[in-house]
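For what it's worth, my numbering labels the leading residue of the sequence shown as -12, then goes sequentially.
The hints are simulated quantities; they were obtained by calculation from the structure and are not laboratory data.
The structure presented is a predicted model; accordingly, all values stated were derived computationally and were not measured.
Even for Gly, the Cβ is constructed at its ideal location relative to N, Cα and C.
Hints may be right or wrong, so weigh each one.
[Claimed, not checked] Have a look at the derived ranges for each label pair, beta carbon to beta carbon: (1) 96 <-> 116: 26 to 36 Å; (2) -9 <-> 212: 32 to 42 Å; (3) 117 <-> 79: 13 to 23 Å; (4) 40 <-> 163: 30 to 40 Å; (5) 89 <-> -6: 30 to 40 Å; (6) 113 <-> 197: 25 to 35 Å; (7) 191 <-> -12: 45 to 55 Å.
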Amino acid sequence: MYKIELIKDSPFNHVKLVNTNNNSYAKLSLNNGASLQELVINNTVIIEDLSPLEYTDTYASSILFPFANRVKDGIYSFNEKDYQLDINEKKKNNALHGLVYNKTFKILNHSATANEASITLEYEELNESQGFPYTYIIQLEYTLKNDGLKLNVKVKNTDSKTFPFTIGWHPYFISDNLYESNLKFNSNKKLVLNERMITTGIEDFDTNKTFEIKDKKLDDCFLLNTNIIRFTTPSYDLEISASSNETFLQLYTPPRANTIAIEPTTGVSDSFNNKIGLQLLESGKTYSIDWDIKFKKKKLTLVV
């Protein structure tokens, strides 16, 4: 049976999509950008609260809009005008991960059927900020199914002017043994980043072989040739897919054991300046993207 639970644990109101048939649920934080804070499928933890790490440091499962990753010095030019975004990555002097990660979303609608639970959450930006002087509506639709979760994001430009954007998603996934986990994705290009994690170039990279995580310290971005990423752990397999043709993969290992961020994005670090993956959304138009997580639990092998 699917159901939806509203949890008013002020100041962080949460919503849970629940499937009682197979011990699955998705927990969303409305006051933290409607981010997915916990995901359990078939009694297996896929995403969990990263405490004691702070959300303002991890951006866990946040939607990265209107820019994914960083803007160098928070400065960019568009239509022959210069703009200054707030600097929220103080040590590297960058604007980081967009403008909606800390916004409060409202519940637009929700439903639970025999096959799925779904909820649509919305944030409307009515104020034109100095660094991004445009208005917009962003809607997130989370759908919990037997074999995973789907996230649809829609952005409508409610302003009178066209604006630039990239978009991404920042989920962290849990493995019972990250050293023995691996990734598969199709890429032959990787970004070159400087000490401030700003893109300075592109280099060749071959992932014909399985990408073994082992004890790698990752903060790397890859240009994908396909929109599918596979994450294999000792206890489960995930397939993460995107509907976008502009597809990049950011991998990051935080200071927390057996945890990895697998971030699908449509742009890269400093896209507002280097234009890699940068898109334009005209007045009155809507952009839509799907990210789909499909889960498969592994059967335990008994050793006798």
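With 30 to 40 Å as the target window, see if residue 89 and residue -6 comply at their CB atoms.
-> 19 Å, violated
Residue 40 and residue 163, beta-carbon distance inside 30 to 40 Å?
-> Given about 19 Å between the Cβ atoms, the range is violated.
Range agreement (Cβ of residue 212 with Cβ of residue -9, hint 32 to 42 Å) = 38 Å, holds
Hint check for residue 197 and residue 113 - Cβ pair distance inside 25 to 35 Å | Since residue 113 and residue 197 have Cβ atoms about 47 Å apart, the given range 25 to 35 Å is violated.
Return holds or violated for the Cβ distance of residue 117 and residue 79 against the range 13 to 23 Å.
-> 21 Å, holds
Given a hinted range of 26 to 36 Å, is it respected by the beta-carbon distance of residue 96 and residue 116?
-> 28 Å Cβ-Cβ, so the 26 to 36 Å window holds.
Distance restraint evaluation - residue 191, residue -12, Cβ atoms, bounds 45 to 55 Å = Roughly 51 Å apart at Cβ, these two residues keep to the hinted range, so it holds.
Hint violations for this structure: numbers 4, 5, 6, all remaining hints satisfied.
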